[in-house]
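Asker: One-letter residues, chain by chain:
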Amino acid sequence: MKPTTLKKRSQLFQQLRAFFYARSVIEVDTPMLSIAGVPDPHLQALTTQVEVLGQRDSLRYYLHTSPEYPMKRLLCQGSGDIFYLGKVFRQDMISPRHQVEFVMLEWYRLGFSMFELMAEVALLIQQAFSAGTNTDKKLHVEQLSYQQVFEKYAGIEDILSATAEQCRACLARHNIAEVVGVDMEDKALWEQLVLTEVIEPKLGTVGGELSITFVCHYPASQAALAKISSDNPDVAERFEVFVNGMELANGYHELEEAEHYRARFDASLQERKELGYPSVPIDENLLSTLAQQPLPNCSGVALGVDRLFALQQGFDNIRQGIAFGLQES
Amino acid sequence: MATYSTNEFKNGLKFLMDGQPCSIVETTSVSPGKGQAFNRVRYRNLMTGRVLEKTFKSGEKVEAADVVDTDLQYLYADGDFWHFMDTETFDQYQAMEAAVADVTKWLIEQDMCTVTLFNGQPISVTPPKQITLEITDTDPGLKGDTAGTGGKPATLSTGAVVQVPLFVQIGEKVIVNTEKGEYISRAK
Chain Z
1 MKPTTLKKRS QLFQQLRAFF YARSVIEVDT PMLSIAGVPD PHLQALTTQV
51 EVLGQRDSLR YYLHTSPEYP MKRLLCQGSG DIFYLGKVFR QDMISPRHQV
101 EFVMLEWYRL GFSMFELMAE VALLIQQAFS AGTNTDKKLH VEQLSYQQVF
151 EKYAGIEDIL SATAEQCRAC LARHNIAEVV GVDMEDKALW EQLVLTEVIE
201 PKLGTVGGEL SITFVCHYPA SQAALAKISS DNPDVAERFE VFVNGMELAN
251 GYHELEEAEH YRARFDASLQ ERKELGYPSV PIDENLLSTL AQQPLPNCSG
301 VALGVDRLFA LQQGFDNIRQ GIAFGLQES
Chain G
330 MATYSTNEFK NGLKFLMDGQ PCSIVETTSV SPGKGQAFNR VRYRNLMTGR
380 VLEKTFKSGE KVEAADVVDT DLQYLYADGD FWHFMDTETF DQYQAMEAAV
430 ADVTKWLIEQ DMCTVTLFNG QPISVTPPKQ ITLEITDTDP GLKGDTAGTG
480 GKPATLSTGA VVQVPLFVQI GEKVIVNTEK GEYISRAK
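Order-wise, the sequence lines are chains Z and G.
Start counting the first sequence at 1; every next residue gets the next number (the numbering used here).
Start counting the second sequence at 330; every next residue gets the next number (the numbering used here).
To be clear, the hints were calculated from the coordinates, so they are not data collected in a lab.
One or more of the hints may lead you astray.
Unchecked claim - The calculated DSS-like cross-link candidates involving lysine-lysine, where the alpha carbons are at most 25 angstroms apart (straight line), are:
1) Z/273 x G/386
2) G/458 x G/509
3) G/386 x Z/202
4) G/481 x G/509
5) Z/187 x G/390
6) G/517 x Z/187
7) G/434 x G/386
8) Z/152 x Z/187
9) G/517 x G/434
10) Z/187 x G/383
11) G/390 x Z/273
12) Z/227 x Z/187
13) Z/7 x Z/202
14) G/481 x G/458
15) Z/202 x Z/273
16) Z/187 x Z/273
17) G/458 x G/517
18) G/434 x G/390
19) G/502 x G/481
20) Z/202 x G/383
Construct all of the structure, not just a fragment, from the sequences and the given hints.
Answerer: Right, dumping it as C-alpha cells:
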C-alpha cells in the first residue's frame, strides 16, 4: 500500500472519530468474541475454539459480524450515545466490495427517529467525501422509499403486492443474465434480484452526479431488528444508504422490547432451519438485559468504512484501500 | 459425474452448460449482505467461443467437463480432418474444421500445438506463439527503403496474409506472431 493511501486512511479514521467526539458520542470497544451467534440466516460468522477455565473441552465462540448486541446491552445499561469503529468478520466470498474482515462504524443515537439518523449519516458521508476529495462540493442527498425505488427504477408499481412473475419479467426487460437455481414462484428471491441487479446499480447517482441515496421503509418481512412503522404495518423503520450503486450503510429505528427481539430471533432460526443452514445459539445475555431494562428509544446504523474509503479515493475495489487483504494476510 | 459447487468457482474452471464445455472467465460474488448470495459468472463456451453470463444462486452445482489441454504434433490435413498426434503415446486425434477454423493459416506440419480435448475430441487448437513462414507473394516494394517506415501485405506459404515492411521480399522467411497475426522480424 502506498504511504499516501495509508495516511489518507488514517485521516479518515481520525475524522470519523472527531465527528462523534464533537457530538459527545463516546467510543466503545465491545468484545469481538461471543458464545452467541447471529441468527440472521444470511450472515455467517467465523468461529474459534476457546479454552475456558473449568471446561474440559474448549468452547466454540463466534467472532462478531457487528457489535450490535453488546452495544445494545450498554445502551440498556445507560451508556448514552455510543459508537464503535473497528473490525468485524463475515464469512462470505471475497469480492471488490467484501473482505472477510472489514472495518465497521456503528453508532446509536438516543431519541433519534429514523429520519434524524439519516440526516446525520448524510452529513458524515458528505464530510468524509469532501475531505477526501478536497472539494467543497456537497454530495446531493436523495430519499426514496423501498416501494418508490421499485417504481422508479424497475417499473414495478407496487412491489409489496407484485408477483414472482412480474419480478422475473422485470429482469428479462432489463436484459439481466439468466438466473440459475431460483424457484419460479419464490417471490422474495426474485424481488431481491430485481433490487440487486436492476435497482441498486442505479442508486447513488442523480443526473450523472454522485449522490447519497437513502432507501427507507423496507417491507416488514425484511425488518431485521427495526421497528414496524406505526403508521403503516406493512413497512419497517429501516433504511439503507447507497452511493454510486454501492450500499454503504444500513440503519434502524431500533426494537425495544425483549419479547420482540426473541420473536425476530426465533423467526430467523426457523428460516435457517428451512434453508438447511446450521442453527446458532441466540444471545441470551442480550435478551436478559432487555428483559430487565428495554432498549431506550434510539436509532442505530452500521456503515462499511472500507467502502466509504474506496468511494472517497475513487477505488473500484475496497482491497485497494486496505493494507493487506485476506489472501496476503 | 463430478460436480462443482458455486464456492469452488474460479477462473479457468471447466464445466458443462447445456451439454457444451465452458470455461469460467470471471466470477464475482453478489452478496447484498442481508439476502441470499449469488455468483455472477462470465464464461466462454469452448465450442463457439462466445462469452455468456449467468447468475447462480449460491450453493448451486454444475457438472464438471472433461476438458484437457494437451501438446500434440500437427501431422497433416486431408480435406475433411486435421490430424494431430501425441508424440509420446503416438495416439492420433482428428480435429474437425470447427476446431481449427481460426488457426489453419498458422498450422505447419510437425509443429507442436496446444490442443484442447473435450471427452477426447479436439475442440480448439492453439498454434505455437511464433512461427517461421516463407513469403510466397508480395509487391516488390520501394528500393532503398530500409527503415521499415511503411508496410505492405505479404502472402505466406500457409495462405496467411500479414503486413510486412517494404524491404521484405518474395522467398524470404519471416517470423510472425500467431496470436496477433503480426510480422515480428525476418528469420535468420
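Asker: Each hint should be assessed against the structure and marked as holding or not.
Answerer: Hint check:
no. : hint          : in the structure
1   : Z/273 x G/386 : holds, 18 angstroms
2   : G/458 x G/509 : holds, 9 angstroms
3   : G/386 x Z/202 : holds, 22 angstroms
4   : G/481 x G/509 : holds, 17 angstroms
5   : Z/187 x G/390 : holds, 22 angstroms
6   : G/517 x Z/187 : violated, 69 angstroms
7   : G/434 x G/386 : violated, 43 angstroms
8   : Z/152 x Z/187 : holds, 20 angstroms
9   : G/517 x G/434 : holds, 22 angstroms
10  : Z/187 x G/383 : holds, 19 angstroms
11  : G/390 x Z/273 : holds, 21 angstroms
12  : Z/227 x Z/187 : holds, 23 angstroms
13  : Z/7 x Z/202   : violated, 31 angstroms
14  : G/481 x G/458 : holds, 22 angstroms
15  : Z/202 x Z/273 : violated, 34 angstroms
16  : Z/187 x Z/273 : holds, 19 angstroms
17  : G/458 x G/517 : holds, 18 angstroms
18  : G/434 x G/390 : violated, 39 angstroms
19  : G/502 x G/481 : holds, 15 angstroms
20  : Z/202 x G/383 : holds, 20 angstroms
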